[in-house]
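A.B. asks: Sequence:
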Amino acid sequence: MAERILITGGSNGLGASLAALYRQRGAAVTVLDREAPQPAEEHEYIELDLGAVPDGTWPRMPGPFDIVICNAGISVSGDFIEIPDDAERDVMAVNFTGHMRLVKHLLRERLIAPGGRIAFICSATRFLSFPIALAYSASKGALDGFAQALESYLVKDGISVTRVYPGPMNTGHSRYYPGARTTGGRLPEQSAPGIVRAIDRRRRQVCPDPVSRFYCLADKFVPRMLARKAYKFYEDRMSSSCPNENSL
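Note that the sequence shown covers residues 1 to 248 in this note's numbering.
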């Protein structure tokens, strides 16, 4: 029987690249997203805004899933005290609380197969948090902490948890949210194969690109250097006339 894969934010960016790899190996892929993947006929698509799901109204899903990838994410950047509260709430709702609620629903309804795998796309901001994107860093940090705690909770079920910390990536999903922004950096298809391998091997943590691996090492050995780098980046971006081009 073909593997069943569920990917949030699977219509664009990293999620789409992961979906394509799983489809190539014969898996049945279900995508949760605000827009349909292209070409749409290659995936089962469920329209869903992860940050705006009323209590108890999850759509019907074709589980049980062998692999669940919590990938959907948006960001908002700028001077922290000037960013609208609504924009920050959207970031937290999509990046963190939406995924926490989704996983709870899947477990309650037994939609994750025994011995399955759950992967959380966190961020290299775990090691280097930029002051220009405080809400994003906070949301991904919360997701990371939730995933770590969930790992212990799921030991009895044989379900593994993998935390992924990609560096800057060029994606486009965030354009649907007020004040949110797309990101610039590594192409998603460059990072996707390493992430798939890590999930297959049930690795607990993975930094899938050179930048994230550098930040991880630097955080261990030269954390003050990272703090200075983050502040310099913040100063440069805030003084720039075009501050919305790159993020983690």
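To be clear, the hints were calculated from the coordinates, so they are not data collected in a lab.
Everything numeric in this text was worked out from a predicted model, so none of it was measured.
Incorrect hints may appear among the rest.
Stated by the list, open to error - Pair by pair, the computed Cβ-Cβ distance ranges are:
| no. | residue 1 | residue 2 | range |
| --- | --- | --- | --- |
| 1 | 36 | 57 | 17 to 23 Å |
| 2 | 202 | 104 | 33 to 39 Å |
| 3 | 84 | 36 | 28 to 34 Å |
| 4 | 86 | 26 | 40 to 46 Å |
| 5 | 36 | 64 | 19 to 25 Å |
| 6 | 39 | 217 | 39 to 45 Å |
| 7 | 1 | 85 | 20 to 26 Å |
| 8 | 203 | 23 | 35 to 41 Å |
| 9 | 89 | 203 | 39 to 45 Å |
| 10 | 152 | 62 | 27 to 33 Å |
| 11 | 55 | 214 | 27 to 33 Å |
Where is the CB? At the ideal position from N, CA and C, for every residue including glycine.
A.B. asks: All hints, please: hold or fail.
C.D. replies: Here is what the structure says about each hint:
1. 36 x 57: 17 to 23 Å: holds, 20 Å
2. 202 x 104: 33 to 39 Å: For residue 202 and residue 104 the Cβ distance comes to about 22 Å; the hint is violated.
3. 84 x 36: 28 to 34 Å: About 29 Å separates the Cβ atoms of residue 84 and residue 36, which means 28 to 34 Å holds.
4. 86 x 26: 40 to 46 Å: holds, 42 Å
5. 36 x 64: 19 to 25 Å: holds, 24 Å
6. 39 x 217: 39 to 45 Å: Distance hint for residue 39, residue 217 holds at roughly 40 Å.
7. 1 x 85: 20 to 26 Å: Violated, at about 47 Å.
8. 203 x 23: 35 to 41 Å: This hint is violated: roughly 22 Å between Cβ atoms.
9. 89 x 203: 39 to 45 Å: violated, 32 Å
10. 152 x 62: 27 to 33 Å: holds, 29 Å
11. 55 x 214: 27 to 33 Å: For residue 55 and residue 214 the Cβ distance comes to about 42 Å; the hint is violated.
This entry does not satisfy hints 2, 7, 8, 9 and 11, going by the numbered hints stated previously.
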